[in-house]
Amino acid sequence: METYDYKVRIEQFEGPLDLLLHLVGRARIDIEDIFVSEVTGQYLEYVSEMDSLSMESASEFLEMAATLLYIKSRMILPTEETETEEEDPEQELIYRLKTYKIYKEAAEALKGFETKAERVYFKLPEEIGFPEEKLMIEQMTLEGLYAAYMEVLGRQPEAEAERIEEVEIRKDAYTIRERSRYILHILNQYGMTTFGALFSEAHTKLEVAVTFIALLNMMHKNLVSIQQDGCFDEIYISKRTEEAVG
Amino acid sequence: MNDDMIAGALESILFMAGDAVEISDIAATLEIETEQLESIVEQMMEKRRRERSGLHIIRVDSKLQMCTNQEYSHYIEAALAPVKKSRLSQSMIETLAIIAYKQPVTRFEIEQIRGVKSSYSVAALVEKGLILRAGRKKTLGNPVLYVTSDEFLRHFGLRSVDELPELNLSEA
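Residue numbers (numbering that gives the first Met the number 0), protein chains in the order written: chain A, 0 to 245; chain B, 0 to 171.
Note that these hints are calculated values from the structure, not bench results.
What you are looking at is a predicted structure, and each value in this text was computed from that prediction instead of being measured.
Backbone N, C-alpha and C define an ideal beta-carbon position, used for all residues, glycine too.
Among the hints, erroneous ones may be present.
The calculated SDA-like cross-link candidates involving lysine to any residue, where the alpha carbons are at most 20 Å apart (straight line), are [said to hold, decoys possible]:
id, chain 1, residue 1, chain 2, residue 2
1, A, K115, B, R153
2, A, K115, B, I22
3, A, K103, B, E76
4, B, K127, A, T114
5, A, K97, B, T67
6, A, K115, B, E108
7, A, K122, B, S90
8, B, K84, A, K97
9, A, K122, B, I22
10, A, K97, B, D60
Beyond 12 Å from chain B on every Cβ pair, some chain A residues (computed) [unchecked claim]:
id, residue
11, A105
12, V119
13, I127
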């Protein structure tokens, strides 16, 4: 048998058990006799020729090869009285092969049912069209509907307000650069300002926030100095002069 | 309502549904006992077989469904060219066989028997609607349990899983 032949054929098997069953069948032996036959040797030969398989299936074939080698080594070594202690790997493998064979045969039987049943056709499930539901408004006057509508509207003021606010805050309406210039402008004009005054003209939260960030930024750059005499006292903001720096 | 009328009503319901319909639901609708309906259904099935009718009624577990007579499949195929049903791959049918006989069963238990990873097959069978997830096993990791579906019964022309042939356990 050629090497190429092995590669092509091993992929046709559903796994190591399938391959072993195939070899048992070809050797015309009972599953029980697998370890006194050439089947395990043949299996190892197949697996040694295997290199084009995916890692996942390869590992399954290799794991079985390791089991077979282990069983072989046990047969060569003198037997100790461990039989009762641990699971007998030979009997376990024979059991697995038999179990697999049972379900493989069951699968073959299913194929027969499948072939027969594929000649039966079914209609696709119908989407039953129920009569359209009509909305009936009973015991309700036009005035009542109008009142109900107004009540719904009345429940929305918060949402409405938020939406208006969102419209007002246009993208980049306030930038740190522009707010910094504004603060500098005030300081240049008056020399000093208070924290409260700086925000007194702010219209929106965004304006406050951006102005505040601009102020922090200017402090960071040592452009302004902040002074507060005590807790909750007015905060004074003044422009740092060159002399004051450092 | 006499038996003929019950049969007629049942036919019209099954024709309109297309899908499988619970026997007990139909019985309740017709205001008769389920047992009475079942015996009428058996007579209908027999009559349709005898008359070589083009439409048969089959049982899918506790449901009834209308289908075509397989005798005429090649005429349907010639006239309408319906989408050919695809057969399952070897790995899918092996996986399905294990699920069918051992249900409810976890993927690990399937892999123990097959000796190979079966996640692809299981996912493909779920995708095809042949198996369903049926809760989780109360064991380490709470693995998903799988059972066969009505579609499984239809795909293999079985009335219920009880109709699966006995496993050949003689060698085990």
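Going down the list of hints, with the structure as the test:
no. : hint            : in the structure
1   : K115/A / R153/B : 11 Å, holds
2   : K115/A / I22/B  : 25 Å, violated
3   : K103/A / E76/B  : 31 Å, violated
4   : K127/B / T114/A : 17 Å, holds
5   : K97/A / T67/B   : 39 Å, violated
6   : K115/A / E108/B : 29 Å, violated
7   : K122/A / S90/B  : 29 Å, violated
8   : K84/B / K97/A   : 32 Å, violated
9   : K122/A / I22/B  : 18 Å, holds
10  : K97/A / D60/B   : 31 Å, violated
11  : A105            : 4 Å, violated
12  : V119            : 5 Å, violated
13  : I127            : 7 Å, violated
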